[in-house]
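Chemist: Given next are the chains, with one letter for each unit.
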Amino acid sequence: MTTLTAAVSEKKSQKKVETHRQVRAFNGLAHVALVFWALVTAGPLIWVLLASFKSNTEIFLGEPFALPDSFSLETYISAWDQAHIGRYFLNSVFVVAVSTAGTMLFGSMAAYVLARYTFPGNRVLYYVFVSGLAFPTFMALAPLFHILKNFGLLNSYLGLILVYIAYSLPFTVFFLAAFFRTLPHEIDEAATVDGASHTRKFFQIMMPMAKSGLVSITIFNIVGQWNQYLLPLVIMQGQGADQKWVLTQGIANISTQAGYHAEWSTLFAALTLSILPMIVVYAIFQRQIQAGLTAGAVK
Amino acid sequence: MRHGKYPFIIGFLAVPVALYATFVVAAYIQTFQLSVASWSGFGPIKYVGFDNFVKLWNDDLFWKSLRHNGYLLLLLPIVTIALGLLFAFLLNVGGGSKGGMTRGVWGSKVYRVIFFFPQLMALAIVAVIFGRVFASDKSGMINGLLPDSWAPWLFLADERWALTCILVVLVWQAVGFYVVLFSAGMGSIEHEIYEAAALDGATRVTLFFRITLPLLWGTIQTAWVYLGIAAFDAFALINIMTVDRGGPDGATSVLAMMIYRNTFEYSQVGYASALGVVLFFLTLTFAALTLRVTRRDAV
Numbered sequence: 001m002t003t004l005t006a007a008v009s010e011k012k013s014q015k016k017v018e019t020h021r022q023v024r025a026f027n028g029l030a031h032v033a034l035v036f037w038a039l040v041t042a043g044p045l046i047w048v049l050l051a052s053f054k055s056n057t058e059i060f061l062g063e064p065f066a067l068p069d070s071f072s073l074e075t076y077i078s079a080w081d082q083a084h085i086g087r088y089f090l091n092s093v094f095v096v097a098v099s100t101a102g103t104m105l106f107g108s109m110a111a112y113v114l115a116r117y118t119f120p121g122n123r124v125l126y127y128v129f130v131s132g133l134a135f136p137t138f139m140a141l142a143p144l145f146h147i148l149k150n151f152g153l154l155n156s157y158l159g160l161i162l163v164y165i166a167y168s169l170p171f172t173v174f175f176l177a178a179f180f181r182t183l184p185h186e187i188d189e190a191a192t193v194d195g196a197s198h199t200r201k202f203f204q205i206m207m208p209m210a211k212s213g214l215v216s217i218t219i220f221n222i223v224g225q226w227n228q229y230l231l232p233l234v235i236m237q238g239q240g241a242d243q244k245w246v247l248t249q250g251i252a253n254i255s256t257q258a259g260y261h262a263e264w265s266t267l268f269a270a271l272t273l274s275i276l277p278m279i280v281v282y283a284i285f286q287r288q289i290q291a292g293l294t295a296g297a298v299k
Numbered sequence: 001m002r003h004g005k006y007p008f009i010i011g012f013l014a015v016p017v018a019l020y021a022t023f024v025v026a027a028y029i030q031t032f033q034l035s036v037a038s039w040s041g042f043g044p045i046k047y048v049g050f051d052n053f054v055k056l057w058n059d060d061l062f063w064k065s066l067r068h069n070g071y072l073l074l075l076l077p078i079v080t081i082a083l084g085l086l087f088a089f090l091l092n093v094g095g096g097s098k099g100g101m102t103r104g105v106w107g108s109k110v111y112r113v114i115f116f117f118p119q120l121m122a123l124a125i126v127a128v129i130f131g132r133v134f135a136s137d138k139s140g141m142i143n144g145l146l147p148d149s150w151a152p153w154l155f156l157a158d159e160r161w162a163l164t165c166i167l168v169v170l171v172w173q174a175v176g177f178y179v180v181l182f183s184a185g186m187g188s189i190e191h192e193i194y195e196a197a198a199l200d201g202a203t204r205v206t207l208f209f210r211i212t213l214p215l216l217w218g219t220i221q222t223a224w225v226y227l228g229i230a231a232f233d234a235f236a237l238i239n240i241m242t243v244d245r246g247g248p249d250g251a252t253s254v255l256a257m258m259i260y261r262n263t264f265e266y267s268q269v270g271y272a273s274a275l276g277v278v279l280f281f282l283t284l285t286f287a288a289l290t291l292r293v294t295r296r297d298a299v
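Read top to bottom, the protein sequences are chains Y and B. According to the UniProt record's numbering, the residues represented by the first sequence are 1 to 299, in order. According to the UniProt record's numbering, the residues represented by the second sequence are 1 to 299, in order.
Treat the hints as calculated values from the structure; they're not laboratory data. Quick caveat, the model's predicted, so the values are computed rather than measured.
With a straight-line Cα cutoff of 30 Å, these simulated DSBU-like cross-link-like pairs (lysine-lysine) come out:
#1 Y:Lys211 to Y:Lys201
#2 B:Lys55 to Y:Lys149
#3 Y:Lys149 to B:Lys46
#4 Y:Lys211 to B:Lys109
#5 B:Lys5 to Y:Lys201
#6 Y:Lys211 to B:Lys5
Please take these sequences and the hints and turn them into a complete structure.
Modeler: Okay, here's the thing in structure tokens:
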């Protein structure tokens, strides 16, 4: 028995030395690979920042990561004023604030009723909502355009916001219904016994209990709607539409314009201005943001 | 006790259902209807049976676009998942063992934060940045980094490589998300399993293929479906980055681009709808096939 233990422990210690050496080599390689990808990820963004301070001549010099000759905010002022990046940014903030609020309100209302009340047609309605996940938005472009035109909602914030809400409902309802189903029924019943109305129960008891799910899906919707490009492109067209463009459209347009007028540094300044706020928000909320965006895939 | 249940249910469902029915359900149904019609977007709709689908069958651009979608559909998931798994594995299992626990490599949190960031950026903004990164003169980031004696690479202006550039950008943006997703999955694998295998003399490569991969299978499957659906889109990139939006000479044309142009530029709403129907069935088939082919007994 003792010899056996001794033999095992000897073998173990031998293996330990071996493993140790192996681990260090492995770790070295791991860091090389990881640093490489970090550079690949951050490189283009750093390059954009540097180029935003450069003159056209400097940009065409072919030293992408050289420091600019001087740091002046001139390009930023022109990106803000002439390229209207400030306006596009505020338009995006406005649209996304209203539409995410609307998505969360209507999405959680529908999800709650579908998850916790039995009534004829409940299943059918739930599946109609969830089947929206299977359809690519792309296939319905033309009909969507004409529906909005018939309602006189083309080229209006209201139209854009309503469409954002409608197209965010499938995932929101799917996710929140699953969440509401897991909440305990005892508290629900106790509240009913105490005479709480259905509406009051929803707002004062269920919503607070579902807070973690609501936070995840809110983040998911904010990011998704902020990044929309196709829907605003379809909806915000017509007379004076350029005043109402959201950030993604605005940037795409500045990019085209920069090609005609060779104002590359303005484009880079505009890009920097539109990325910086995201980096700040991400730095503060990165844990919640990662959790929110991956929530859908984990479910 | 349950008094007023129905008024409450109806009150809560009215707005979300109305929005969803008007902008989503109606639009999808009309797509199917319009796919057998000839309509310019104005005037009366003429039903033409399956003419659109016959025209589609004989359209060279359609087959070309389909091939391009197929290329993205095959390579985007493979490359992204491979890189995602590699980096997630390096982050989680790369560290040495301490007190019998394998830790992640040093700085794994920082890596994860950097890798994830592109996921937050709008595809439209990513497209504008990479349009410049891939610029075919010295002002482009990559051409700027190449030695002066080399002829500049054409990237998006080169028929042979344009689509690969699009693929690279899609991978660049997606990898971080899957690193985080797979990391979460790997984190939930019991450490004892690794310990036991390591004691039995398993190398890290064996650990990866024999333990990590099988236990993550469900997550990988989800990732595959997500990435496949992303590969059917890519509209923002192609609309903003490529020469002639889908060029040069149709080299980056995809179904989404064809639908957009037929709807809003060629006034071929019926034809666009037929393409939309094809896109729908392709997406559905792909999702169903993925889930079926990759199905495994639970480990």
